[in-house]
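Undergrad: Chain residues, written in single-letter form:
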Amino acid sequence: MGLPLDAVLAQAMLGLTQGAFYAVLSLGLAVIFGLLNIINFAHGALYMLGAFLALIGLNQLGGWIGAPDFQINFWAALVLAPLLVGLFGILIERTMLSRLYKFDHLYGLLLTFGVALVLQGFFTNYYNVNGTPYPGTPASLRGIVNLGFMYFPKYRLFALAASLVVCFITWYVIERTKLGAYLRAGTEKPELVQAFGINVPLMITLTYGFGVALAGLAGVLAAPIYSVGPLMGANVIITVFAVVVIGGMGSILGSILTGLALGMVEGITKVVYPPAANTVIFFVMVIILLVRPAGLFGREV
Amino acid sequence: MNRIAWITVIVLGLLAPFAVYPVLMMELLCFALFACAFNLLLGYSGLLSFGHAAFFGGAAYICGYAVTAWHLGPLQGILIGTAFAGGLGLVFGVLAIRRQGIYFAMITLALAQIIFFLCLKMPFTGGEDGLQGVPRGMLFGFIDLNKPLNMYYTVFAIFMICFWLIWRAVNSPFGQVLSAIRENEARAISLGYSVERIKLLAFVLSATLAGTAGATKSIVFQTASLTDVSWHTSGEVILMTLVGGMGTLLGPVVGAFTIVGLQHELSSIGSWVTVIIGLTFIVCVLVFRRGMVGELTRLWKRSF
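Going down the list, the sequences are from chains A and B.
The end of the first sequence is residue 300 by numbering that gives the first Met the number 0, with every number in the run present.
The end of the second sequence is residue 303 by numbering that gives the first Met the number 0, with every number in the run present.
If we strip away everything but chain A, and leave its shape as in the complex, we get (with noise of 0.2 angstroms):
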């Protein structure tokens, strides 16, 4: 095959930051699996509320207060909008899934995807359905930076460093401290470390809240590569899901790995066979479910 090393190398490259993303999605479903054992459907929902935070921090807060002059710039979004995103979720899990725990798990499904269709609808209402470019970036961060073997946009290396920083500390937090060995010792029996005095509610609540919190960075940190729309974040979960199968959620350290490498997988079929490239990830799933059904580093049966 006749195809150019370096278009696929550079796809490849690029490919990674979208796998970078999907690494802290499927980092942040995993964590909120661990604990609650539901899947958050509104996960997709709440990294578009990430981004839409960070586009309306700039563009029209200023207007709505009064002070148009008055913008929440794209580091003061990257540290507001994945607070806010959490507080949201603490209020969902708080009004509404605490609710569900004593019922089928697929009820927490069912209620996350009810809340994400009205976010979704909600920006529709209001945003242009193809999405509006944020434009935001800092100075320091547009431009290409050469790698050696080749360009890359500045921003995009500044998307994947920080996503692996954020990767790494959560991985710290809850493989290496004591926070974490709760929060372990929680999954397996939430009983027994009820009875050490633990409050395992609290713990819930706020284990779901920094899990949608990492959804809200996510969506603030594309914000500037894709545009903001209503439909980023129904597009992106699929995929994430599919993500999860392939790596099963038993394993910190295996969601992120598998959403860096199927995000290169993504980006090499674009230049490869570019019409397969909205489906690769599903037909590794399928693969996956073949040959190791478990997922690559499941636990369960």
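Any given hint might turn out to be false.
Listed below are several chain B residues computed to face chain A (Cβ distance under 7 angstroms; list not exhaustive) [said to hold, decoys possible]:
#1 G86
#2 L89
#3 V90
#4 L94
#5 I113
Take a look, some chain B residues computed to stay more than 12 angstroms from chain A by CB distance [as the list claims (entries may be wrong)]:
#6 N1
#7 V22
#8 S178
#9 G293
#10 F303
If you're looking for bench data, these hints aren't it; they were derived computationally from the structure.
C-beta atoms are modelled at their ideal positions from N, C-alpha and C, and glycine is treated no differently.
Assemble chain B onto chain A, guided by the hints.
TA: Just chain B now, with coordinates in the frame of chain A:
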């Protein structure tokens, strides 16, 4: 269902086109059948598929293409669409049943997305526009389906046959084993049932009937569109089943009528419909898990 209930349903169905606009009535019946097929899986087997739009919409495309390009009659078209959905159901089922619970839902959703992209990209599907101008044709070669009443009674007959089939399946030993698996899978295994095969059979049956619904809809509306294969449709059929009452025979029918009716009433408010559908989902899951028929049955039993 006893004899009186059956007669009531049939009489109501025969008289309906004189009270309700026939096209709306046909749409209601197609979605009612879709929801009943879905309920066979969720309500009676406890399997949540998030990809049923693939069978519904996939059959719509195949049926629409068969009658347009190959000039087949409407019945052959519907049968081919149905068979396609059954085959697709077998493939999905074999893959998805390898994983349980929440994974099952995610796998079916991801597989359905492959079908969505195929419908978008394949050369014969009309891309973003979908298939248009599907001819209704002549049933058995002499009944002109372009006349609304002929079309309506054909749809009603298809609905009743499939509905009867579902009723038979649910009330057969097969249906009993399905309930047993839903209630306690480990026990069903220990009793010697090959649980995976029974689940697969339920999945294929459900997919096949969902395909009948979709294929019929493509003849009625003379189109097959991307909406039919999108995850929105998969979500809507879940909501119909939930609103009406999962695990009840008439629940999905009531639910489909409610949701489709609601969408018609609200069609002027644009994408607020999505918000309302989402809110309905939330309310149903939080406080109304039995659904309309489920709650009514409970009240009925309590008062006697």
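Undergrad: Hints first: check each against the structure and report whether it holds.
TA: Evaluation of the provided hints:
1. G86: Hint violated; G86(B) Cβ to chain A Cβ min 16 angstroms, cut 7 angstroms.
2. L89: Result: violated, 14 angstroms to nearest chain A Cβ.
3. V90: With Cβ-Cβ at 9 angstroms, over 7 angstroms, it is violated.
4. L94: Result: holds, 5 angstroms to nearest chain A Cβ.
5. I113: Given a least distance of 5 angstroms, the restraint on I113(B) holds.
6. N1: Per Cβ check, N1(B) is outside 12 angstroms of chain A; nearest 31 angstroms; holds.
7. V22: About 26 angstroms separates V22(B) from the closest Cβ of chain A, which puts it past 12 angstroms; holds.
8. S178: holds, 15 angstroms
9. G293: Check passes; 14 angstroms lies beyond 12 angstroms.
10. F303: Non-interface label on F303(B) holds, nearest chain A Cβ at 28 angstroms vs cutoff 12 angstroms.
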